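**Q** Each protein sequence line maps, in turn, to chains A and B. The first sequence begins at 34 in our numbering and counts up one residue at a time. The second sequence begins at 89 in our numbering and counts up one residue at a time.
It is worth saying that the hints were derived from the structure and are not from the lab. Quick caveat: nothing in here was measured; it's all calculated off a predicted structure. Think of the CB as a built atom: it goes at the ideal place given N, C-alpha and C, for glycine as much as any other residue. Check the hints yourself; a few may be wrong.
If you want the ones that stay clear, here's a sample from chain B, every Cβ over 10 Å from chain A, calculated [stated by the list, open to error]:
1. E104
2. E105
3. Q107
4. Q151
5. E167
6. R176
7. I177
8. R183
9. I186
10. F195
11. A233
12. A247
13. L270
14. A291
Label pairs and their computed distance ranges (CB to CB) [what the hints assert, rightly or not]:
15. A261(A) to E104(B): 53 to 59 Å
16. L53(A) to K187(B): 41 to 47 Å
17. G160(B) to E81(A): 33 to 39 Å
18. G127(A) to K230(B): 27 to 33 Å
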Amino acid sequence: MECRKYESQFNDYLDGELSLKEREALQFHLSKCLSCYRKWNSLQKTKEILSRLPNMDPPAHLSAVVMARLKERRLHKSQWPFDYLPRWLQLGVGAAVLIISLTLWQVLPPSFSFRSLLPGQGNNLNISGPSGQPAAKFTTRRGGSQTTVPVMVLRVKDFSRADRELESMLRSISGSMLQEREPTRSLNSSSARLIDLKVPEQRFSHLLRELHKIGHLDQSQVELHRSANPQKQKAISLRIVVVGNGSDVEIHQLRK
Amino acid sequence: MGTGPLAQQSRSFKHEEEQLLVDRCRQGDRDSFAQLMRLHQKQIYNFTYRMLGNEEEAEDLTQDIFVAAFRGIRRFRGEAKFSTWLYRIALNQTRNRIKYLARRDFFARQSRRSGSTEERPWENPELLADIAPTPEQWTLTKSLATQVQKCLNQMGPQARQILVLRDVQGFSYEELSEMLSLNPGTVKSRLHRARAALQKCLADKLE
């Protein structure tokens with residue numbers, strides 16, 4: 034019973050954690066009990082062997098190799114700026130980017146350039162220009178998507194005539210001016226037409242002049258849009274609603 | 089090759105100077121990291137060697153530990169000592185490496201390879217004289233060191249790491265407690281069990 038009590042103190046004795054009184058009592062017991070002394074001696078030797086294990090010198094090139102690996106990592110890091118973030122955060126950033134991309138995919142108008150570049154989006158239809166070359170590219174919008182482009186309303190007296198003039202004007206200038214022209218849904222009717230355009234900034238005023246020749250143009254929404262987005266844009270996306278006189282109901286519907 | 093608790097050697101470097109190097113590292117200064125590495129590489133290399141029992145694997149693991157340390161040094165807030173923080177990384181990396189190597193039968197192959205009588209001192213009566221009755225007279229031969237390493241390899245990683253950190257490298261209970269995120273009582277009881285296991289493994293040599 035007494036031996037067990039002293040045995041439990043061996044480790045604390047080795048680590049110098051016994052009080053003077055406890056130490057003296059244990060030493061006294063060890064001087065009298067051979068069995069305990071052997072156990073104590075064995076444990077003491079075990080610890081001594083561990084503390085005397087030789088310290089190995091690391092390979093001389095170790096530091097150089099690590100620094101070279103860090104240099105490689107730095108080169109790699111320039112391709113991935115979130116390298117210092119923890120792995121879970123890197124995955125989080127990746128997921129967020131994916132979700133935002135998918136959201137933009139749905140929200141942005143199809144006339145947005147990167148979208149139209151991808152294959153299989155909408156039905157592409159080329160209209161031949163005067164020389165037989167494609168003059169403008171028509172892209173049908175996928176159903177259900179909403180537009181955020183400003184709308185210009187072109188009121189005309191004779192819709193059929195104005196429509197022909199508009200078509201002719203767009204065909205003649207589209208090669209240099211239009212990036213895309215796309216009717217949204219099947220909105221061509223006898224008295225109203227809706228056209229989505231993407232016009233290079235430098236040709237925008239030219240388009241306005243031509244439209245003014247055809248009919249009365251309400252361009253207030255476009256002006257508001259441009260003043261709200263003063264930064265220089267390469268191209269302006271807009272929608273033209275062409276209506277005959279007295280078609281206010283249709284204008285309202287098309288604006289919606 | 090030298091002997092003595094490496095933890096004590098490391099402590100001799102002034103804390104302020106080390107902190108200065110750490111601060112520079114956090115700003116991306118790789119030269120300061122190289123200096124920090126020179127200060128700690130021997131200690132870390134010996135830790136990994138005792139944990140894995142193989143020089144090539146220890147070197148490889150030490151590299152990984154320092155690369156991980158550089159990668160994570162911006163997250164080091166200085167709440168603990170740099171060496172404690174570095175050892176936490178070392179412990180994590182070592183744990184993962186042991187799992188990896190164990191899946192590939194590395195330790196079993198290591199054990200089979202050490203088959204000569206020289207490396208199995210318990211079968212060679214002459215080697216029993218390696219340990220003289222008093223500690224002052226003990227001579228730790230290469231073969232006894234090999235036997236100790238073999239015993240360490242046979243122990244579980246937890247027991248091995250606590251023995252290496254405390255009895256080989258000389259860290260205090262407080263430092264161990266911080267490194268292992270354990271309370272001091274648990275550290276003590278684990279250490280006592282580990283010592284007892286090693287004592288049993290070396291029983292023939294210690295009589």
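**Q** State for each hint whether it applies.
**A** Results of checking the hints against the structure:
1. E104: Its Cβ never comes within 10 Å of chain A, the nearest being 23 Å, so this holds.
2. E105: 18 Å, holds
3. Q107: 20 Å, holds
4. Q151: The claim is violated: Q151(B) sits with its nearest Cβ about 5 Å from chain A, within 10 Å.
5. E167: Nearest chain A Cβ is 17 Å from E167(B), so the label holds.
6. R176: Its Cβ never comes within 10 Å of chain A, the nearest being 15 Å, so this holds.
7. I177: 13 Å, holds
8. R183: 17 Å, holds
9. I186: 18 Å, holds
10. F195: Per Cβ check, F195(B) is outside 10 Å of chain A; nearest 19 Å; holds.
11. A233: Check fails; 6 Å does not lie beyond 10 Å.
12. A247: Since the minimum Cβ distance to chain A is about 12 Å, A247(B) lies beyond 10 Å and the statement holds.
13. L270: Since the minimum Cβ distance to chain A is about 16 Å, L270(B) lies beyond 10 Å and the statement holds.
14. A291: 7 Å, violated
15. A261(A) to E104(B): 53 to 59 Å: At 56 Å between Cβs, range holds.
16. L53(A) to K187(B): 41 to 47 Å: Roughly 46 Å apart at Cβ, these two residues keep to the hinted range, so it holds.
17. G160(B) to E81(A): 33 to 39 Å: 37 Å, holds
18. G127(A) to K230(B): 27 to 33 Å: 52 Å, violated
Comparing the model with each earlier hint shows violations of hints 4, 11, 14 and 18; every other hint is respected.
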